[in-house]
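**Student:** Sequence:
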Amino acid sequence: MQATVAATTAWVIARQLIDDHIPFFAPIAAVVALNASRGERGLNAVRVVLGVFVGIVAGEAAVAVLGGGVASLVAALLAALAAARLLASATVVLNQAAVAAILTVVAADGQAGPQRLVDALVGAVVALVFTQVLFSPEPVGMLRRAQGQALAGIGSALDHTAHLLDRVESGEVDEANVAGLSPIEVPAAVVDLAKVRRATDRTVRRSAVWQRQRGAVEHEQLRAATIDLLSASSLMLCRVTVALPTPDREPFAHLIGRLGGALGRLAADPADHEARQRAADEALTAVHEVVDNADDGEHERGAALAAARITVGDLLAVVGVEPDDAARAIESGRDTVVVENVPPAPRFPIRLSRRHRRHW
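Quick note on numbering: the sequence shown equals residues 1 to 360 in our numbering.
Hints should not be assumed to be uniformly reliable.
Dumping the calculated SDA-like pairs for lysine to any residue here, alpha-carbon to alpha-carbon at most 20 Å [claimed, not checked]:
(1) Lys195 x Arg214
(2) Lys195 x Ala107
(3) Lys195 x Val125
(4) Lys195 x Glu172
(5) Lys195 x Thr91
(6) Lys195 x Gln132
(7) Lys195 x Ala75
(8) Lys195 x Asp248
(9) Lys195 x Gly333
(10) Lys195 x His273
(11) Lys195 x Val173
(12) Lys195 x Arg205
(13) Lys195 x Arg223
What follows is a set of in silico ranges between Cβ atoms, one per label pair, in the way DEER data are often shown [stated by the list, open to error]:
(14) Val338 x Ala306: 23 to 31 Å
(15) Thr8 x Val65: 44 to 52 Å
(16) Met1 x Ala82: 35 to 43 Å
(17) Met1 x Thr285: 27 to 35 Å
(18) His163 x Ala306: 32 to 40 Å
(19) Leu87 x Val191: 54 to 62 Å
(20) Ala225 x Ala327: 36 to 44 Å
(21) Leu134 x Asp325: 28 to 36 Å
(22) Glu340 x Glu172: 36 to 44 Å
(23) Asp166 x Ser89: 49 to 57 Å
(24) Ala327 x Thr8: 24 to 32 Å
(25) Asp166 x Val133: 51 to 59 Å
(26) Glu185 x Glu340: 43 to 51 Å
These aren't lab readings, by the way, just hints derived from the structure by calculation. Positions of the beta carbon are idealized from the N, C-alpha and C atoms, including for glycine.
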């Protein structure tokens with residue numbers, strides 16, 4: 001819908017600026033600039049402008065010197081791609097430079113003129129207004145949604161491992177197949193979270209409307225970084241548990257299942273204080289049941305206990321427990337810790353008066 005409105009707006013504006021021409025570059029530039037994930041559209045718009053500008057200039061120069069025909073097309077393409085490669089390595093810049101050069105030569109009919117460059121600039125400006133002002137993505141909301149998806153992915157991997165070990169215990173799965181069926185890589189949602197972190201960082205720094213969320217975004221960025229650590233430690237816990245002798249697996253399988261359930265519930269609303277407190281308390285209770293009843297004298301069991309402590313420590317960091325408090329709670333046997341409140345994020349890009357807030 002945004003692309004449709006932006007393309008139509010660009011077409012209308014370009015028609016008003018220059019009479020007696022068909023402004024096909026304006027809607028094309030607007031649509032291509034918006035063809036990126038949220039948080040990256042502003043940068044994409046700038047890249048599109050650069051590519052289209054290079055392509056049009058190369059095409060106009062070729063038409064002015066050589067007129068129409070194959071020679072102009074070849075010269076325009078070579079010049080556009082060479083210049084785009086020198087200015088930027090992004091694929092969208094190269095593609096737009098080539099397309100703009102082709103369209104310029106084909107549409108010029110041997111006549112050079114500045115109107116196509118004006119059309120492209122109109123389309124890009126419309127796209128920038130859409131991405132940076134009218135529909136600029138709310139960065140804290142983007143981060144929290146990505147955090148929830150990442151936590152759900154980690155929780156799902158833990159649940160999968162717990163169910164797998166239960167099936168081994170019941171004889172449904174052969175012992176020889178356990179290692180091959182257990183999780184071996186970071187969930188895709190955790191990888192996507194890293195992309196969202198970069199996108200929201202660009203949004204809060206470059207967007208004209210979300211500067212007020214800078215502090216909240218920095219806080220959520222730190223939490224997102226701890227989710228990366230939690231993903232790695234959870235994977236390690238799963239792998240170490242699978243490698244244990246069968247008689248030693250049960251308490252760790254139970255711990256993995258409880259951690260997976262806690263993360264699954266937390267994923268529904270990672271910013272909710274009560275949900276984070278419940279996840280912290282449940283993780284501490286679960287790890288203490290394992291630690292209190294386990295002997296870490298053997299190498300394999302000791303490695304599993306260490307992995308369990310690290311994983312729970314990372315989970316506590318995710319929900320907002322200070323590292324020193326988390327370490328003391330794990331070692332001392334306390335089943336509860338103080339979870340810090342999430343700082344509020346402005347709901348609106350501009351400051352509203354109290355009278356306007358009441359209406360919202």
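**Student:** Mind listing which of the numbered hints don't hold for this structure, in increasing order?
**Tutor:** Of the numbered hints, 2, 3, 4, 7, 8, 9, 10, 11, 15, 17, 18, 19, 20, 21, 24 and 26 do not hold.
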